[in-house]
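Chains A and B, in that order, give the protein sequences. Quick note on numbering: this note's numbering labels position 535 of the first sequence as 535, and the sequence is numbered without any gaps. Quick note on numbering: this note's numbering labels position 142 of the second sequence as 142, and the sequence is numbered without any gaps.
Derived by calculation from the structure, the hints in this document are not laboratory data. Predicted model, so just to flag it, every value in this text is computed and none were measured. Ideal Cβ placement from N, Cα and C applies to all residues, glycine included. Errors might be hidden in some of the hints.
[Said to hold, decoys possible] Just so you have them, the derived chain B footprint on chain A, three or more residues with Cβ under 8 Å:
hint : region
1    : 85 to 99
2    : 247 to 257
3    : 313 to 321
4    : 533 to 541
[To be verified] Looking from chain A toward chain B, a few residues come up when the C-beta cut is under 8 Å (computed):
hint : residue
5    : Cys365
6    : Cys421
7    : Phe445
8    : Phe453
9    : Asp457
10   : Asn459
If you want the building blocks of each chain, they are given just below.
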Amino acid sequence: MLRGGALILVTVLVAVLFLVHPGAARAERSAAPPDDMNSLLLTMSLGAPSGAAQPQPDSHPTTDFACRSCHGDTDAEVVFPSGESLPVEVDLPGFDASVHGANSGVFIGCTGCHAPDHYQFPHPSPEGFDLREYAIAQSETCVRCHAPHLTAHPGPDWSGGYDPAASESGVAVVCTDCHGDHLAQNAEAWHLPAATSVCADCHVTVGVTLTDPGALSQHIDYGLFDQKQVNNDFCMGCHGPPGQTMTFPNGDVVSISIDGDEFHTSVHGLGNDWQALNCTDCHEDYNYPHSPLHVETARDYTIQQSELCARCHEPQHEGQMASSHAAALAEGNKDAATCVDCHGSHYIPPPNEPRSRISQTCRQCHSAIFDEYAESVHGAALLAEDNPDVPTCIECHGVHDVGDPTTALFRNRSPELCAGCHANEELMSRYDISTDVFDTYVDDFHGTTVQIFQSSDPNHPTNKAVCFDCHGVHNIRRPDDPNSGIKQNLLETCQQCHPGATANFSDSWTGHHRPSLRNNPLMFLVTIFYAIVIPSTVLFLGFLVGTDIYRMARGR
Amino acid sequence: MAEIRETTHDDKPLAATGDPAHAEYPRFRLMARIEHMTLLVSFTILCLTGLPQKFPFSPLSQWLVGTMGGIEMVRMIHRWAAVVLILGTVYHLLTSAYRLFVKQEDMRMLPDLKDGYDLRDTVAYNLGIIEEPPKMRKFNFGEKFEYWAVVWGTAVMIVTGFILWNPIAATQFLPGNFIPVALEAHGWEAVLAAVSIVIWHLYNVLVKHRNKSMFTGVLSHKIMEEEHALELERLEEGGDPWKVVPPAVLARRRKVYFAVASVVAVLALILVVWMFTFEDTAIIVAPAVTRDVFVPLATPSP
């Protein structure tokens, strides 16, 4: 009786234990072979997430957090149209311990193999697949990183398609058949003698003789990461989640997270006229694990990577190589601008939209100059109204071939630079600005010297005034600007080059006016005087000479 | 004749013997020829260095400037040539003063009514209206025209040239707009002088005749007859080529003259040196402004 009562008590206690600790029951269920549950669920669904999140290694990408919250503990299954089903639970501790897991140091997140467009919840149904086709499709993700091997098994080289008919057994072998999916083992494990049991088991099952199990090791010694196929999803598996960083040997820490959406709205993204660029178009070293960079600092890497832009943008690169930025870089100034300093790297907007972006770009390094420019008549119009006519930095300095503006060459050519706009009738008429400015400058002593004579030897330094000597360099104002226009203190302007100049001296400048009765009438009259005297003299003397020739012609 | 040789070493005797058609007659004394040579050289250089600046767009101008070593060199040559021209002008004024006050020659260069008649008759003769050419004096109407053209031109060029050379000094007593006016006048006056020389002078001394009297000092009978018939008659009648002054009188006047002239000459020299070094019009090298160009933003702008 006592023994019988004790037996009942134990049974009840065990039953109660099971009742109050449902996890134990689930643990029992999940340990059961999947086949046992095939008939339990008819449609694809996911069970409610368990109350407690699985413990996560620190380095888990945050998207994995979302995956893990459901797939770590669920009795849901995927049911394929063929009627086959697949449990969606993942052995997370097992995965973390696998060769791809968080503890391996070569962590491939969930999205490394499962395409991101399947993340959306609820996940789209696996239409058109049966279980085997799903295994084959997933195995294709392996060859993003790994060279297919043991290709004696027909099929998984993905070069000619998957053809079971080519197999002696009628069964083609894909990656996951041997390696499993989430619990892939590393190369060392495959070197162990026990590993051949994987081969042997299968060969026994299908009845094909395993001729030389030892040959396996020859294949796994090399080429495991010899990438055959590349795709952005693979890269984004690691680089998609935010907050990822890498540390350069010198301690520079840079973000290596890429915002895929922002990339695709940039010029290299989906809207690219040519084609959307892949990560590997610029980052060639896509083998995983990545081989170490041969640079010390983040800046060195930027400079190195900028070289790659030339592959597609050769004319721009050639221009850049002729620039003073490239010259400074060649001299060892690593602050000198490279392609990506102005254009950006992953998020490259059209560089001139809005137009003010151009000068804002230069501002990143030349902020003091920009501040002056922003106050100028040109800069103010650009920044306030995105004026399409005023020069930004590049109209004067060039785009990629930004030259040294302190040379005699730049100085000698600068009047024509200004004239490019200021002698343009159509452009200037919009602002009621005289287009005589260039011609009257060239008519003047300064302008004649610079424009005509130095043009024959443009590298010859000149001390003659050019436009910017009087009007300012970046801080160009209207000449009648009450604060700092040159009309207010023309003498001061003259004195920059003519230190001895006194009050009358500045009147010697004709103010870009053509001489007329209104502007400089004396000069106008002198011109008229000679316009009469010279032809009259020529006519008079010519007449005398003519009569003399007439006399001689008659032989007198 | 002895008298003449005493005062001028280079006079050749009248060709008293032989065919008068091959005779040569004294026309210019050595110092006048040197004066002319000075003017010829300086004027030519001034034209070659000046006219390209008046017509800078012409390829010929640019070739000339390039050949002469660039615009700065051209301007330097122009100024040195100007100094030579000014010194020649000073010398001319001094010798003119000598002839006026020491030798008390007549002012034969002044134009008068006869020059008007000569001009009229020359044209009439050339056109075949009258049969005989006018008989003209040592300096005919054309030569007087040239002489006064040079006087006028040189005066304009020296005054405007000084203003252009020393604009800061000039604007201390002139309005500023005189400087571009001076530049305009300087340039057009040069054109006027150059075309006059080419049309009139070069025609008369190179084309019409090969007149070498400014180099040899003497003129052939043929040209004398044609252009200076009155002077030829006077010389053939035994007239002196140069005015003869009694030595005692000459010596007395000379004493005064040289005293004054040496002072004037020294002052003129000082004036020229002063002009050359009068002012530093402009700084030699355009000021280099040093800027910190690399001033990166602490936080990137949008």
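Quiz item: Residue count check for the region 533 to 541 of chain A against chain B: does it reach three with CB-CB under 8 Å?
Solution: n = 5 at 8 Å, threshold three: holds.
Quiz prompt | Hint check, Cys421/A versus chain B [nearest Cβ-Cβ separation less than 8 Å] | solution = violated (22 Å)
Quiz item: Per the CB criterion, is Asn459/A less than 8 Å away from chain B?
Solution: violated (12 Å)
Practice problem: Could you check if Phe453/A really has its C-beta closer than 8 Å to a C-beta on chain B? | Solution: holds (4 Å)
Quiz prompt | Verdict on chain B covering the region 247 to 257 of chain A, criterion of 3 CB contacts below 8 Å | solution = Violated, because only 0 residues of the region 247 to 257 of chain A bring their Cβ atoms closer than 8 Å to Cβ atoms of chain B.
Quiz item: Holds or violated: the region 313 to 321 of chain A covered by chain B, criterion of 3 or more residues with Cβ-Cβ distance under 8 Å?
Solution: violated (count 0)
Quiz prompt | Restraint check, 8 Å cut-off on beta carbons, for Asp457/A near chain B | solution = It holds, given that the least Cβ distance between Asp457/A and chain B is near 6 Å, below 8 Å.
Quiz item: According to a criterion of three or more residues whose C-beta lies within less than 8 Å of a C-beta of chain B, is the region 85 to 99 of chain A covered?
Solution: violated (count 0)
Quiz item: Taking 8 Å as the limit, does the beta-carbon of Phe445/A come near enough to a beta-carbon in chain B?
Solution: Nearest chain B Cβ about 7 Å off; hint holds.
Exercise. Closer than 8 Å between Cβ atoms is the bar; does Cys365/A clear it against chain B? Give me holds or violated.
Key: holds (5 Å)
In the structure shown, a violation is registered for the earlier hints numbered 1, 2, 3, 6 and 10, in ascending order.
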